[in-house]
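Participant: Here is what each chain is made of, one letter per residue.
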Amino acid sequence: MPLSTTALIALLVIISLMLAAAVAWRAAHMRAPVDQVLTFGALILLPGFAMWASFTQHMASSETTRFCLSCHVMHNYGKSLYINDPSFIPAKHFQNHWVPQNKACFTCHTDYTMFGDYRAKLRGLRHVYVEYFGKVPSPNKIKLYTPYNNRECLHCHAGARNFEEAKGHHKKPGMMAAIQANRLSCLNSNCHEFIHDRTGIAQDPIWKGAAADAAANGLPKGVWK
Amino acid sequence: MSVAKSRLRWAALLICAGLIVFLATLFSVHPLYFIAYAMIGCPLVLLGMFFYLAALWADRKEKLEPESPSRRAG
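For the record, the sequence lines run as chains Y and P. Read in the numbering used here, the first sequence has 86 at position 86, and its numbers run on one by one without any break. Read in the numbering used here, the second sequence has 13 at position 13, and its numbers run on one by one without any break.
Hints may contain errors.
Partial pick of chain Y residues on the chain P-facing surface, computed with a CB cut under 7 Å [stated by the list, open to error]: (1) 21; (2) 24; (3) 27; (4) 70.
Covered, in the sense of this in silico footprint (three residues per stretch, anywhere, with C-beta under 8 Å from a C-beta of chain P), are these stretches of chain Y [stated by the list, open to error]: (5) 6 to 17; (6) 43 to 49; (7) 52 to 64.
It is worth saying that the hints were derived from the structure and are not from the lab. Nothing here was measured: the structure is a model prediction, and the numbers come from that model. Note that CB positions come from ideal geometry on N, CA and C, so glycine has one too.
Could you build all of it, start to finish, from the sequences and the hints given here?
Facilitator: What follows is the structure, given as structure tokens:
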């Protein structure tokens, strides 16, 4: 969210706070029903509005790459955006701005936590718990709960000429239909199998512009090292 | 203070506390701050709203059956 919107929300919260404080201060002198209009505004309408507005703010910030990378366990995924090898799909998309840099993870993982069903939300809460208070699993144990859905790639590529006409997508009859129906994964070996390289990331070459790019995107230190 | 007014004060104080949590977490892009917003800020504000409704309720009752000032003094 642009900073000005955030500032506006902050202003709303501050005004609401001042009014609620005034009610607390003057509670003994409040008289119904005259003051009921004031108290209703100060204790129901404005705080309700402030709660909703801050919620939208939190939703917006949770879509950011920076948010996803604030957990240490995700740092290697951040690093994988900077692999200096174009066969790695997230790296190539991120470095060329084919996915918005400030929302990279969310663009390819649209069903994570708050954006998924209620089970995904509960899992997200558990992930935060595990990150800070639990035992973080080793990198090669981390995987998606359900196989990656082609839908995530297709919401950009479906219908695009270079996607529809690509020779590789017509190697066998019915191949395109199978891709679109998610029966044939885009990530099959010999197709687009190089993704985050979670086990080999330590050895991967890193793009030399990584440090500057990560800093420009406000990504946490340690992501590109 | 009457029951209604003391509930009103509690309502306002709880809401203030919740709003302070909103303010403190608003500018941070971090899961822990979101959790603080959702698990501390929101419940405080909602509880405050509940107290406010309880204050209105008590106020209505006090008007229907006014109590002697001696019992309610202070």
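Participant: Does each hint hold? Answer for all of them.
Facilitator: Hint-by-hint comparison with the structure:
1. With a cut of 7 Å, the hint placing residue 21 of chain Y at the interface with chain P holds, because the nearest CB-to-CB distance is about 5 Å.
2. About 4 Å separates the beta-carbon of residue 24 of chain Y from the nearest beta-carbon of chain P, less than 7 Å, and the hint is met.
3. Of the supplied interface hints, the one on residue 27 of chain Y holds, with its beta-carbon coming within about 4 Å of a beta-carbon of chain P, less than 7 Å.
4. Checking residue 70 of chain Y against chain P by beta carbon gives a least distance of about 5 Å; that is within 7 Å, so the hint holds.
5. Counting residues of the stretch 6 to 17 of chain Y whose beta-carbon sits less than 8 Å from any beta-carbon of chain P gives 7, enough to reach three: the coverage restraint holds.
6. With a cut-off of 8 Å between beta carbons, the stretch 43 to 49 of chain Y has 4 residues touching chain P; three or more are needed, and the interface restraint holds.
7. Interface restraint, the stretch 52 to 64 of chain Y with chain P: holds (7 residues with C-beta to C-beta distance below 8 Å; minimum three).
In summary, this structure violates none of the numbered hints.
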